[in-house]
Amino acid sequence: EVELRAFTRELPLAGMEHGTPHFFKVALETPDGWSDWSNIVACVPPQPELPGKCAAVFPVVKDDTTACIRWTKPIDYAAAAHCGEIRRYKVLVTWPEGERELEWEGDLDSAEVPGLDCLTDYRFQVAAENVTGWGEWSDPSPVLQMPPPVPPKLQMPTLRRATHHTAVIQWQHPPSSGVPVDSFRFRWTTAPGFPPGGAASPDVYELEDVPPNASQYTISGLAPGHTYIFQVRALNRFGQGIWSNSSIPIKTADGREPGKVQNLSAPNVYKSFITLRWSPASPNGHEVTRHVLRCATTPDLEGAQEIEPVVVRKNDMDTCDLRHLQKVTHYFQVAAFNSVGPSPWSDPLCVDLRVVHQLEDA
1 EVELRAFTRE LPLAGMEHGT PHFFKVALET PDGWSDWSNI VACVPPQPEL PGKCAAVFPV
61 VKDDTTACIR WTKPIDYAAA AHCGEIRRYK VLVTWPEGER ELEWEGDLDS AEVPGLDCLT
121 DYRFQVAAEN VTGWGEWSDP SPVLQMPPPV PPKLQMPTLR RATHHTAVIQ WQHPPSSGVP
181 VDSFRFRWTT APGFPPGGAA SPDVYELEDV PPNASQYTIS GLAPGHTYIF QVRALNRFGQ
241 GIWSNSSIPI KTADGREPGK VQNLSAPNVY KSFITLRWSP ASPNGHEVTR HVLRCATTPD
301 LEGAQEIEPV VVRKNDMDTC DLRHLQKVTH YFQVAAFNSV GPSPWSDPLC VDLRVVHQLE
361 DA
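First residue of the sequence shown? That's 1 in UniProt numbering, and the numbers climb one at a time after it.
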């Protein structure tokens, strides 16, 4: 006997022996007590049958080589649980060039199918087995094309050593796979986030074809005193991964006056002219636009005359020629200018023109 709740109107029964008559009767409990038993009804659980046809097979991509498939279990298999329950499922995987089967133990409604190839169209069918045998194959699933194994999304890059115009970007490579990385690509912007349009936007800059064996790179062409965010992506022969999350913002150094001119010298001293040479001043974020040279005959450069010489870059050094100088001792200093202002004067250079010097080379 089984006692049920008052609102029960039906009771599923399982585990009954098939082919054997079973008899049932019901009584109700009222405030006055139990009623009489109802009329007796009988039923004979049928013999186990083949499992029904599975329905609604839906595949989805799990990763580059694995699909997860789900299906609706058959609903008309035998009621005798000890002999008619589903024991196994099998899946038929078909693609234009072939097919294969896989089996799983137990009463399932999903499974994973590994070993699939990228850019291949697959269909899946499912069948169930009980003690009687295998049921009918389900209808083929919708086509599932495995995606190309493009690189995964990388972790956000890190930035360091920002100068006026450059910053060093570092990033982590994706996990090793059968498809090597061909190159990396960066993009950066001064906007709070990357605006729509990608590289077509005037606020977004991109750098392509970064070598695949690099893990850090110096980004140049930045503007001084600006805050940038960066993103990185990897590319292989199948395509490109999605952009990483944005880096922590980094600010380039503020622009200022050029650095002090160094290494001022006079490599050529002739009777008719002399050549001054110095190392280019650091622009400090803004292009050096001109130089000013001052000259005096005393070490303190009192009463010095200032001129704007014609400066020529030779072998990574700045040079200028001076003609028609008096045959006395001269003291020279050079300053560089950019849009912010002048650099400090260089250390003085003493050139004694009282001594006899060589003639200019012919």
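Among the hints, erroneous ones may be present.
[As the list claims (entries may be wrong)] In the EDC-like style, the derived pairs of lysine to aspartate or glutamate whose C-alpha atoms are separated by at most 16 Å in a straight line are:
#1 Lys-90 <-> Glu-105
#2 Lys-73 <-> Glu-85
#3 Lys-73 <-> Glu-105
#4 Lys-90 <-> Asp-63
#5 Lys-53 <-> Glu-3
#6 Lys-53 <-> Glu-1
#7 Lys-53 <-> Glu-85
#8 Lys-271 <-> Asp-321
#9 Lys-73 <-> Glu-1
#10 Lys-153 <-> Asp-139
#11 Lys-53 <-> Asp-117
#12 Lys-153 <-> Glu-85
#13 Lys-327 <-> Asp-347
#14 Lys-25 <-> Glu-1
#15 Lys-153 <-> Glu-136
#16 Lys-260 <-> Asp-347
#17 Lys-73 <-> Glu-136
#18 Lys-73 <-> Glu-10
#19 Lys-73 <-> Asp-36
#20 Lys-53 <-> Glu-112
#21 Lys-25 <-> Glu-49
#22 Lys-73 <-> Glu-49
These are calculated hints, taken from the structure and not from any lab test. Computed from a predicted model, the values in this text were never measured in an experiment.
Each hint tested on the structure:
1. Lys-90 <-> Glu-105: 9 Å, holds
2. Lys-73 <-> Glu-85: 11 Å, holds
3. Lys-73 <-> Glu-105: 14 Å, holds
4. Lys-90 <-> Asp-63: 21 Å, violated
5. Lys-53 <-> Glu-3: Violated, at about 36 Å.
6. Lys-53 <-> Glu-1: 35 Å, violated
7. Lys-53 <-> Glu-85: 14 Å, holds
8. Lys-271 <-> Asp-321: Given pair Lys-271, Asp-321 holds - Cα atoms ~13 Å apart, limit 16 Å.
9. Lys-73 <-> Glu-1: Not OK: Lys-73 and Glu-1 at ~31 Å, beyond 16 Å, violated.
10. Lys-153 <-> Asp-139: Not satisfied, since the Cα-Cα distance of roughly 36 Å exceeds 16 Å.
11. Lys-53 <-> Asp-117: 28 Å, violated
12. Lys-153 <-> Glu-85: 45 Å, violated
13. Lys-327 <-> Asp-347: 22 Å, violated
14. Lys-25 <-> Glu-1: Cα-Cα ~10 Å, so holds.
15. Lys-153 <-> Glu-136: 42 Å, violated
16. Lys-260 <-> Asp-347: 9 Å, holds
17. Lys-73 <-> Glu-136: OK: Lys-73 and Glu-136 at ~12 Å, within 16 Å.
18. Lys-73 <-> Glu-10: 23 Å, violated
19. Lys-73 <-> Asp-36: Given pair Lys-73, Asp-36 is violated - Cα atoms ~41 Å apart, limit 16 Å.
20. Lys-53 <-> Glu-112: 20 Å, violated
21. Lys-25 <-> Glu-49: Status violated; Cα separation ~28 Å.
22. Lys-73 <-> Glu-49: 15 Å, holds
Hints 4, 5, 6, 9, 10, 11, 12, 13, 15, 18, 19, 20, 21 from the list above are not met by this structure, while the remaining hints are.
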